[in-house]
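Residue numbers (my numbering), protein chains in the order written: chain A, 7 to 54; chain B, 47 to 530.
Since the hints were made in silico from the structure, they are not lab data.
Check the hints yourself; a few may be wrong.
List of simulated lysine to aspartate or glutamate pairs, EDC-like, C-alpha gap at most 16 Å [unchecked claim]:
1. B:Lys520 with B:Glu530
2. A:Lys46 with B:Glu499
3. A:Lys46 with B:Glu530
4. A:Lys53 with B:Asp492
5. B:Lys114 with B:Glu75
6. B:Lys123 with B:Glu143
7. A:Lys46 with B:Asp492
8. A:Lys27 with B:Glu499
Computed footprint of chain B on chain A, listed as stretches where at least three residues anywhere in the stretch have a Cβ under 8 Å from a Cβ of chain B [stated by the list, open to error]:
9. 16-26
10. 43-54
For glycine and all other residues, C-beta sits at the position ideal for the given N, C-alpha and C.
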Amino acid sequence: MEYDQSIKQGYRPPLPTGFTKAIRTNPIWQFFRFLVINFKILRMVRKH
Amino acid sequence: MARLLILGAGIAGHTAALHANRLLGREHEVVVVSPNSLWNWIPSNIWVGVGEMKPEQVTFPLKPVYDKLGIQFHQAKATTLHPEGDSERPRPYVTIESTEPASIGRIENIAYDYLINATGPRLNFEATKGLGPAHNSFSVCTATHAAETSAALDETVERMKKGEKQTFLIGTGHGSCTCQGAAFEYLFNVEFELRRRGVRDKARIVWISNEPELGDFGMGGMFIRRGGYITHSRIFTESLYAERGVEWITRAAVNDVDRDAVAFETLDGERSSIQADFKMLLPSFSGVGLKSFDRSGADITASLFAPSGFMYVDGDYTSKPFDQWRPSDWPEMYQTPRYPNIYAIGIAFAPPHSITRPTFSPSGTPIYPTPPRTGMPTGVMAREVAHAIVNQILGRDRPAKGASLARMGAACIASTGVSALKGTAVSMIVYPIVPDYETYPETGRDLNYTFGEIGLAGHWIKHLLHFGFLYKAKAKPFWTMIPE
Ligand SMILES: Cc1cc2nc3c(=O)[nH]c(=O)nc-3n(C[C@H](O)[C@H](O)[C@H](O)COP(=O)(O)OP(=O)(O)OC[C@H]3O[C@@H](n4cnc5c(N)ncnc54)[C@H](O)[C@@H]3O)c2cc1C
Numbered sequence: 007m008e009y010d011q012s013i014k015q016g017y018r019p020p021l022p023t024g025f026t027k028a029i030r031t032n033p034i035w036q037f038f039r040f041l042v043i044n045f046k047i048l049r050m051v052r053k054h
Numbered sequence: 047m048a049r050l051l052i053l054g055a056g057i058a059g060h061t062a063a064l065h066a067n068r069l070l071g072r073e074h075e076v077v078v079v080s081p082n083s084l085w086n087w088i089p090s091n092i093w094v095g096v097g098e099m100k101p102e103q104v105t106f107p108l109k110p111v112y113d114k115l116g117i118q119f120h121q122a123k124a125t126t127l128h129p130e131g132d133s134e135r136p137r138p139y140v141t142i143e144s145t146e147p148a149s150i151g152r153i154e155n156i157a158y159d160y161l162i163n164a165t166g167p168r169l170n171f172e173a174t175k176g177l178g179p180a181h182n183s184f185s186v187c188t189a190t191h192a193a194e195t196s197a198a199l200d201e202t203v204e205r206m207k208k209g210e211k212q213t214f215l216i217g218t219g220h221g222s223c224t225c226q227g228a229a230f231e232y233l234f235n236v237e238f239e240l241r242r243r244g245v246r247d248k249a250r251i252v253w254i255s256n257e258p259e260l261g262d263f264g265m266g267g268m269f270i271r272r273g274g275y276i277t278h279s280r281i282f283t284e285s286l287y288a289e290r291g292v293e294w295i296t297r298a299a300v301n302d303v304d305r306d307a308v309a310f311e312t313l314d315g316e317r318s319s320i321q322a323d324f325k326m327l328l329p330s331f332s333g334v335g336l337k338s339f340d341r342s343g344a345d346i347t348a349s350l351f352a353p354s355g356f357m358y359v360d361g362d363y364t365s366k367p368f369d370q371w372r373p374s375d376w377p378e379m380y381q382t383p384r385y386p387n388i389y390a391i392g393i394a395f396a397p398p399h400s401i402t403r404p405t406f407s408p409s410g411t412p413i414y415p416t417p418p419r420t421g422m423p424t425g426v427m428a429r430e431v432a433h434a435i436v437n438q439i440l441g442r443d444r445p446a447k448g449a450s451l452a453r454m455g456a457a458c459i460a461s462t463g464v465s466a467l468k469g470t471a472v473s474m475i476v477y478p479i480v481p482d483y484e485t486y487p488e489t490g491r492d493l494n495y496t497f498g499e500i501g502l503a504g505h506w507i508k509h510l511l512h513f514g515f516l517y518k519a520k521a522k523p524f525w526t527m528i529p530e
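Next comes chain B alone, as it looks inside the complex:
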């Protein structure tokens, strides 16, 4: 009997667990460790953040699902990896610390044959002074954060109803942030909500981000065919901001979030600040801080994890200039080179470099987006890694398919307002996610697949995805029919 241990039960870990469990049957074990008892469909958190949904509508308890499927679940956080075991334990194992109220703090070691690290990001609010719900800004990264943000939005609207003008600052709270798409969605949902609540005229709404241009979204933007031209996403995005009366500041690294103002540095070296009453600024992401030790107890963390805390896998991590970046730099199998039975998927794997060209201010501050790892590619890599591990466990000689971001597309539906008949969303498809200038010399992407459009249809799709993915994550009948 083999044991697959999965750290993390987000989109990556949970998808891998469902597929591996389905394929392995009861002769082998699938064990999941995650500190949170709930599964969260994170893309819908933005709707919690504007009061359109409650946290209970975007989360559900994991344990009943795992009990039904025969997956072992530990509500705990992994702290250390021991890929060679130690002098007393010959098998590789992971040390975990319980986060379950009844046994909080209890330490346990779980041995494994195969390990998937799907621990996602640590929300690194500390990297920016004054950032985050514990200080002077809001977040929508978790359902709890989003609910707090929604309550603050209600208070702000009340002030506006009494005649006060308010400035909203929404975007990224650090020079190295990713996930611009999430902040973009929140921005336009707030703008829509303020119109609906009749106070739009009292609001100045400003976007701030580390993108080189609007519409970059951490993937170097994209070109689409439209109206007889091949046009960059910047044009469409700027048009949307202008149409909805949203100002924007790009190429900015926020460095200090005060109660009433936000200070930032721009790529040209200018240091400015902007007065803001309501601030929703995303933090930068880092790894969750797992440590690793070899058989003798020596610390080998630096050989398994990048300085950012994300795990090295089968990518090409040699430092090279932008014009030498190649699609082949990107990992295929998400397998760590030193220990082939360890994989890292979703946000937990270390990207070889950014997708957007790296840029630095004169004082050396990096101001550019780190690569996005959105839900769809995360789900696909989870499924493919689960298949690869199952094939090894069952001794099947099947070639692994791989899930390189340079050979995979992504669909992203970014909500710009919730309403069954008046809502809209931007539907974006890119293929491939990482531009491939060898195959598509003009724009790096296949223009027969790459696409973008705004409309009510996108909102309907986003809503369907909400229900579809919650249904799938609960492993209800025919869940496998819903693609990642």
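One chain only, chain A, in its complex shape:
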């Protein structure tokens, strides 16, 4: 029997808005996020 995805998936998951998608690759915002994520990683590393 061929698997039918539509039977299993009864709802539509949330989708990002155009704004959310745009800031994901906005270099200025992402440079800031780069600093934040690195800070969060280092904070976690130091916790051990």
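Fit chain B with the ligand to the supplied structure of chain A, relying on the hints for placement.
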């Protein structure tokens, strides 16, 4: 003079060797045995698998690095452990078989005072009919596999350019797989690549995995604070799949990989199949099959190794139901109970149980992820075990720090497309890796540390990690400044 023998030169063995050698100096010996002459930064294999990198960019020869540092290197595979020596040799030793072209098959015994088993996984393609590069599917587990997969992707794209529609099936090829994160990365890199090559409209892309839900990743998923809610990773992951037009099948154990179709069983007992042209399915992992003998020559393999072939260490292996699992079940020192001078780290140690709740189909097939042991915790346990052994060798009375996965966090950056300005990656941080419902009753994890986000910044970090870890593994100046 003491000798530390390390079996395996992957992330675990190589990290332990670098730290132990640095701390011990030249009065003591560090000896590494590994069948492969190259070191591989495995996380970048997914980029080899889509043609963004060449195998030479993710590997380098180990011997020159070890020669520079004064570490002895044997290109060989360990076959048997003799932790009590034997009637002729009082010292513990390991039998190895050379894999170096000039001396292939030569057997040698290497005595040790301390032993680290860091032999990683055996890629168990045989556990699923038709699985693997020798049969009907591709893999990105080694740089060579990934290069073959990239060539096959190019051929598939050529067919699509001629107007053919193709179905891509990517995920896990067995009900007990781990490493879902790697398959996830490959999935989204393929999707990104197909868009870049202008053939996305010709592709149906389907994810298949043994996870109970998307976003489980073998660690029972995770909760993060986002938009005023504490939300499960399932929601974010499903959102990404929907956004990128990827279908998914979860709770599935693949059991037969044919040329054109893949058969699988789901948790509800249904047996289905899906037609697929291009298949990249990860195998299950087992231990590499080391055997062990006591002084009299009696086979003691079963007392050192779990049936999966991974080595028992200081975890609690008593069989108990999910609701009785405790953080304290997880090993701290990675030391074998029977022989305190033997340690197992990285993928080579036997986890006490899974992290995700175990689930079985009505016919009894286990369908759930086994625990992931990603690069960061692997590096940390390697460093801590190296420190503990060095302290013993140097007679220092320092308390061992331990590296339990239930008290350690992990950062995982999962690429979802390579491009300096248009690429993205999911940055995930979990603390602790093994949920601790005693300390964090709501979600099992510390929400001040646990985090997830997708964006270009993650891609930059993933790229930096690629160069940073290759630099560190080559033990170039100030390598110790780069954390595990
Ligand atoms: C495709 C892929 C992508 C991944 N991506 C990520 C990621 O993005 N981030 C992350 O954190 N983790 C990632 N991982 C997981 C990560 O690669 C593992 O955590 C890590 O490689 C485990 O290190 P290890 O040293 O235990 O095993 P390995 O790296 O597999 O090393 C095992 C070593 O033992 C040697 N060996 C084998 N048999 C013998 C023998 N008989 N005697 C002696 N030596 C032997 C092998 O040659 C090898 O050198 C990924 C894994 C895969 C497969």
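Here's how the hints hold up against the structure:
no., hint, result
1, B:Lys520 with B:Glu530, "holds (14 Å)"
2, A:Lys46 with B:Glu499, "holds (12 Å)"
3, A:Lys46 with B:Glu530, "holds (15 Å)"
4, A:Lys53 with B:Asp492, "holds (12 Å)"
5, B:Lys114 with B:Glu75, "holds (14 Å)"
6, B:Lys123 with B:Glu143, "holds (5 Å)"
7, A:Lys46 with B:Asp492, "holds (13 Å)"
8, A:Lys27 with B:Glu499, "holds (12 Å)"
9, 16-26, "holds (count 5)"
10, 43-54, "holds (count 10)"
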